Structures are given as C-alpha cells and as structure tokens.
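J.: Protein sequences, first through last, are from chains A and B.
As numbered in the numbering used here, the first sequence has no gaps in its residue numbers, which increase by one up to the final residue, 1312.
As numbered in the numbering used here, the second sequence has no gaps in its residue numbers, which increase by one up to the final residue, 1392.
Because the hints were derived from the structure by calculation, they are not lab data.
Worth double-checking, as some hints may not be accurate.
Unchecked claim - Below, a list of computed lysine to aspartate or glutamate pairs in the DMTMM-like style, where the Cα atoms sit at most 25 angstroms apart:
1. A/Lys-1293 - B/Glu-1130
2. A/Lys-1293 - B/Asp-972
3. B/Lys-1310 - B/Glu-1130
4. A/Lys-1221 - A/Asp-1232
A quick note: this is a predicted structure, and the numbers were derived from the prediction, not measured.
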Amino acid sequence: MKRDMLEACVFATVLCGFFGIILKRNLVMKIISMDVMSTGVIAYYVLIASRNGLFTPILSNANRGNYADPVPQAVILTAIVIGFSIQALMLVGVMKLARDNPTLETHEIERNNAP
Amino acid sequence: MITLTLTWIALPFFVGFISYLLPKLDRYLSLGVAIASVGYALLLFVQPPLTLKLLDSFGVTLLLDPLSGFFILTNALVTVAVILYCWRSDKTAFFYMQTIILHGSVNAAFACADFISLYVALEVLSIAAFLLIAYPRSDRSIWVGLRYLFVSNVAMLFFLIGAVLVYQASHSFAFAGIREAPPEALALLFLGLLVKGGIFVSGLWLPLTHAESETPVSAMLSGVVVKAGVLPLVRCALVVVEFDPIIRIFGVGTALLGMFYAVFEKDTKRMLAFHTVSQLGFVLAAPEVGGFYALTHGLVKSSLFLTAGSLPSRNLKELRHTPIHTPIWIALVIASFSISGFPLLSGFGAKVLTMKSLLPWQVIAMNIAALGTAISFAKFIFLPHEKDEQAKVKPGFWAAIIVLIGGLFLANVVYYEAYTVANIIKPLVTIFLGWLAYFLIFRHTTLKLPRLLEQFDHLIGVMSLMLVLLLGIVLA
C-alpha cells in the first residue's frame, strides 16, 4: 500500500516535469522542468532497487536484513552524471542566447531563428 | 578478437582527447581512427559473431555480427569522408575532437546489446552532436542544437523508465529481456528509440536540425547518427519475433510520411533531411536486411549533403535558373540515381533486397514510397549545368565524394544476385514513372506544407501522443 503511494508520487513527479516542459514558456523554466522530470526517473530507480530491502549493500559481518538491489542504483548514478552534464551544457547555450533574446521565451527565440 | 574489440571501442575517445592536446595532429589522428574502424568493420564480415559479456549476469553485453558490421562500416566511411572534406578548412582541433567522439559513441551504440550501454552511448552521442551543431556559435545554430538536445534528452528519460521496468521483470538489461517486460516498458523504450532515430511523427525534429547544420555536420547526422536509434529497433525486431510487425508498421508509416514531405519541398537541404526520414522507414520495413540498406543510404545521403553544400543556392527554384558546374552535377546525378534504385549502383541491390523481404501488406505502400523517391530526386537530376563556369568547391570535396561514391560502386558485390532481367526492369519503370509524374505535376506545384508540427512545443507534445499510440499498438 505504502509502496503504491510512493510509486504514484514518483509518476506524478515525472508527469509534472513533462507538463512543465510543454506548458512553461520560458526556456530556463523548461530546463528546470526537465530536471524535475529526471528527478522523478531517478526516484523510480531507487524505488525499484528497494523492492527487496532497504539496507545499503555494503559487505559486513553483521546481518542487517535484506539489502537493496545495487544494480539499478549503480546504473542511475551514471544517468545522474549524464543528466547533470547535459543540463550544464544547455544552460551555457541559454546564456549565449540570452544576449539577443533577453526574455528567453521559446516562441520568440523560435520566431527569430526560423529559416 | 576480444582485445581488439575493446581497443576499437575505446580508441576514438582516447584519440579525441589526445588530439585536443596535440592540435597539430588532429586531422591525421582522426583520419587514422576512422580508417581503423573501416578495417575493423570489414573484419566483422569474415569473423563469427562475437558476444562479449562485460558484467556478470546483468546483461551488459556487446554483440558484434555482420549486421552491426554494416552499420559500423557506414559510420567509418562517412567519418573518413567528412574529415577529408574538412581537411583544408579552418576547423579547429575542437571540431575534429567532437567528430571523432561522435564517431566513437555511434560505434558504441552499434555494438551494444543492452539498454543501459545503449542509453550511455546515445547520450554521449547527443552531447557530441550538440557541440558540432553549435560549432559556428551563431544564435540560430545554438538554438537548433539546444532544441535537438532537449528533445533527445526528454525522450531518453522515457527510455530510462522503460529500461528499469525491463530490469524489474527479467533482472537483466539485455535486449532479450524485453520479451518478459510489461507492455508499458515496451512503449517507453520504443518511444525513446523512435525519437532518437527520427522515425514517424516523432522524428519531425530531424528536418530543421539536419538542414540548418553546417554541410559536414549534416552529412554525419543524416548519414549515421540517426541510425544509432534505428539499429536497436531492428535488433528488437530480430530478437523478439512478436515485435516484428510493429517495427514494420512504423517502417511503412515513416517511409510514406517522409516521402510526402520530400516531394513538395523546395529547399535542397530540407528535402534531403525529409528524405532521410523516408529512407529510415525502408530500413525498418524489412529489419532482417536493414543493414545493407543502411550502408547504402549512409553513403548516398552524406555525398548528397556534401554536394548540396557546394551548390550556389539552397532554393531549387533559383537553381533552375543558375547552371551548376558539370562535375558537381555528375556527382549529384550518380548519388540521385543510386538512391532511386538505378542498376550498377548499390542502391539498386539494397532496394531489390528490401522489396523482396517485404510482407504482402507492405508491398503497395513501399512501392509508392520508391516512386516518391524517384519524383523527389528528379528535381536534382534535371537541374541545368554547364562546363565552362569556374568551379569553387572546397579543396577536400572531391576526395570525400570519391570515397563515398566509390563505396557505392563497390558495395554492389554484396548482393550481386540482384541482377536479373525482371529486377532490372522494375526500378527502371519506377524511375520513368517518377520522372513523368515530376514533369506533369510536381514541377509546377507550389504547395507549401505548414511547419506547425516542427515547432518545439509540438515536438514534445507529440511524444505523449506517440506514447499513447505505442501503448495502444502493444496492448492490441
């Protein structure tokens, strides 16, 4: 029951991010929405990893109960790094665009740069 | 073979960084890596398929067989041509570094057989592609690059959710695990790959991105980069037989959609970009022979983009009044003939092979798409040309074109059985009908298709529609 609630919250986060990308007009807001969406995805990986147990999978003598699955966590670590570097790159691009399009509204930028 | 494979995967990344430290050697190093890739790809055709398990039982594997060999060969040849094209230009070491890293990440995407390595390869690829698109640093190029990065990153987030669902069901990330995965996992994964590969409506980011980039970058993007999303789809269709019809449906839909836009397009680079969409449909329409088609298309499309970059104008209406230099025209015509499926060039063999592997319900639609190809390339073939005009082409242009067109002639041997009388007559009739339709109808049309669907918000919005559509197809 608790798990289903958590899962619902995670998907709500992903959807919030996704709708933010569509509905927000400002480019920076769009990028932040994308970050929210990727936070949701990361949380989903953590949730799936904890399906069998919650303890951190570190080798020790004491038996502390069921371990969380380390594989999805390892994988999502890679994805976090990639996601954050892409975001940094996009913000640099936005900084460059801001010089000529101070409002940073995507409609405006699109109109100014349409062929 | 195992050491060789690992070296080959890692080499482009190492060399990329080294060439940035030794800017004087940048071109030589990049060219060397690309040529090494050609050698490795040729080796794949004679070796037995190689499966490399990298991590215990989580399905992180590389799979190298003749199918990936075709894709890797395409990548290597196009990279060689692009580097030769830029040889005498004033591109900095940064450009060559990104080119070679793009080459390496595309190679990695072709080699891997699990969703997580694929994710990493595709993301590295989008970063490198973004940096190449934004290389001129103009506002427009930065916007086009940002738009590309945004669309592909959002699609890859959906892909990640799908990947973890596959892991949950089968405790492995391997492509084969998709059989046990729930339908929503399939829809999410396919959405990511469809967007990345520029397939169907979700591929409409592609025309603007490919048309507005610089000439060598468009050649790379259109020739190989989109195929990084297509090969995994082909593999899924081959691994799990039940998905084969889904992939084929998308193949036919894409071929018709791209053809429809390309026929009415009046801008050379945009027409070529739409045509890429249509040709990717051909690759997917017959997954088991997609490799050869991808090779042919990669060679032809990059040579067309490089040639289109040397024309005096991008507008086809203007080109009809300004004669082009005859040698350039000849290069253009050879490439156009190959893509229309004219005998003697490998486009003929690829088309015959694809048409033979179609299912009965696909045949009519794919023949219409082939006719559309002939119509759209008649626009190039019947351009005026003259001899005496002093040509102003980039110094590396001819070296690049010789590599690509030479590849087209040589690739004929892959399927030499195609040369029977019935097979030869059919494409000739198709081309003739296409030219007839061009002169009677399409030469005079001034229909301008709206670009509404290519707007940024719509590109993201279409993803949600595609997700619903995919779920519908998978559940049906």
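J.: Hints first: check each against the structure and report whether it holds.
T.: Status of the hints after comparison with the structure:
1. A/Lys-1293 - B/Glu-1130: 19 angstroms, holds
2. A/Lys-1293 - B/Asp-972: Violated - the C-alpha atoms of B/Asp-972 and A/Lys-1293 are around 45 angstroms apart, more than 25 angstroms.
3. B/Lys-1310 - B/Glu-1130: 13 angstroms, holds
4. A/Lys-1221 - A/Asp-1232: Holds - the C-alpha atoms of A/Asp-1232 and A/Lys-1221 are around 13 angstroms apart, at most 25 angstroms.
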